[in-house]
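Chains E and C are the protein sequences, given in the same order. Position in the first sequence (from 1) plus 9 gives the number in this note's numbering. Position in the second sequence (from 1) plus 2 gives the number in this note's numbering.
Honestly, the hints are just simulated from the structure, not real lab data. A couple of the hints might just be wrong.
[As the list claims (entries may be wrong)] The list that follows gives simulated cross-link-like pairs (lysine to any residue, SDA-like), each with its CA atoms no further than 20 Å apart: (1) C:K204 to E:G265; (2) C:K357 to E:R51; (3) E:K266 to C:K357; (4) E:K146 to E:G176; (5) E:K255 to E:L242.
[As the list claims (entries may be wrong)] The calculated label-pair distances, taken between Cβ atoms and stated as ranges, are: (6) C:M78 to E:V70: 32 to 38 Å; (7) C:G116 to E:L264: 31 to 37 Å; (8) E:V70 to C:E208: 27 to 33 Å.
Idealized CB from N, CA, C, for every residue including glycine.
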Amino acid sequence: MSTLTLRQEPPERLDFLNVNPLSLSGLSEAEAARLPVGTGRRGLTLGDCFTIALDRSEDLVIEGGSSRLDRVGASLDGGRIRVVGDVGQRLGAGMTSGAVTVTGSAGPFAGSGATGGTITIEGDAGDHAGGAVYAAKAGLDGATLVIHGTAGDHLGDRMRRGLLLVGRAGAYAGARMIAGTIAATSLGDHPGYGMRRGTILTGGVGALSPSFVETGTHDLVFLRLLARALRPLSPAHADLAAGALKRYSGDLATLGKGELWVSAA
Amino acid sequence: MAAWVKGGATDAEAAVEAAATLLASARNAVLAGLCAELSAVRAAYHLADAIGASVDPVSGPSLYAELGSLSRTGAMTTTPAEAIGRADAVLIVGNAPWDRPIVQDIADSQASRGRAAGSERTILSLGGPRNGATRHVAYPAEAGGLPVSIAHLRAFLKGNLAGEAAYADLARRLATAQYGVVLYDPGEIGELGVEMLQGMIKDLNEVTRFFGLSLSDPFQGRALLQLAAWTTGQAPRVGFGRHVPEHDPWRFDSARQIAAGEADAALWLASLPAPRPDWLGTLPSVAIVGVGSPEASGDVADVVFAVGVPGESAGGVLWDERRAAITFSPPAGQTAELSAAGILTAIHERLTQKKAAAC
């Protein structure tokens, strides 16, 4: 297990795009220490900020996180990264496989454009978790994003594929959703604004957009399958899917093939 | 007096030296505001490039509300002249457009060319004021705000909702227009609202001709956007820390950077009136502001320059809202002693001299 130990709070935002198990596997510790990670003119390197211990394994542990660590696990293509602490924006953005776990909280745009693998945030996530970054066509795009705590606004904005599990999230969750599944214990106002397709399952919502219409209660095989798929990740969410639910269809302002399942209890 | 250092009046040369020293010692400076003539904005981008700073205009929220939608889905837009000359139906969304002169221009004219020539012009309002100053048909906004109202209206337009609701009537009026225009302020309806509105306009173009006309922000954002594009190839919020312009609207938000303690110096450029940010003066700061403005005093920042106001005490290239183009505005009166572009260039040159001396 390779370990990077943060010496102190970084003086500027650091970019971890090129720091992952695969890129470190072919480097000596001295070579890894020269990897540029700074985003300012001082040219900060990995060795300036971290104590480095490498063993060429597929597991990388970052001890001592910071909200200034951007793009941790971005474009990850295998292996596992565990961050003991917080991370900044774009956690696991564009990753295709592997696993990223953060014991603290994450900044905005976690899991943006991720097509595979699993991202787990044990604390809270910022705005746009699983959402698209500026000018991107899609947010979460096939990966699994699990947020144990709360998420900010615009969760799963323009999400295209994959599964997003969260405790509580803010307003406009699933906005402009193209497809995929979001499961939350509760959501803020106007979930699914502008969604085309996709499924949102929640224990409760704030204000609903008038372009969603209730279509009754249903007992569908799909819901039992969804509950079964959710149970290994979160029994609470699985129980939600297995319980009594009201179905809303929308967003009728767009394609209208999305569905919002809200606990009827 | 035109320059101050630490509250004391001084000459421009000493203030330039103080500003250069302040910025040279910064690890991560931000250049914000950028509500100014284009020559000054260009000089600000060059200065940011030289010192590895980031740039964030005060017009950012309005610009990104429009750009976020444009970059993903495109837009169908028209110009003020086309709207005035061709439209037989104009939908005004929200409150902000009613303060602009184009509303009166539209109300005082009728379509004179194109397929709707000679038709009576109907002005419709969604969530706007019922002030009676301009004859129009008003439809109230939903409790959820303008983006939700636009989505509700679009659902009726698509035929996915039906009934005798007020929005059904509005949808019928829009669909029967021969040439329609939606007037809106992107800063007021936000990115989600702009995208929903542009989607509605595309839906309407299945049956008639319809276009969007977004109002420019009052802080020269439209002019700055063009300059940013031709200078960096990017939208305005960029950072030069890694020697190339990196675009990241979240990372280079100046208020966020300062609140998070990431920025350790700031330069505020506002030769035209712009709301003074709360953070000005809370970190080592340089302010370049218009002569006669409330900010033109020594206590606003560590170093303050009072410069010519474009169109008043200086000439400058500015955004012309009526023509939807950038044009030169000559000074209306006596020219001021200092220009914003001149000060920024002088600071840049002084920094270059300091760097050469240090080598």
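Hint by hint, here is what the structure shows:
1. C:K204 to E:G265: holds (16 Å)
2. C:K357 to E:R51: holds (14 Å)
3. E:K266 to C:K357: violated (61 Å)
4. E:K146 to E:G176: violated (26 Å)
5. E:K255 to E:L242: violated (23 Å)
6. C:M78 to E:V70: 32 to 38 Å: violated (51 Å)
7. C:G116 to E:L264: 31 to 37 Å: holds (32 Å)
8. E:V70 to C:E208: 27 to 33 Å: The hinted range 27 to 33 Å is violated for V70 of chain E and E208 of chain C, with Cβ atoms some 55 Å apart.
In terms of the numbered hints stated before, the structure departs from hints 3, 4, 5, 6 and 8, listed from lowest to highest.
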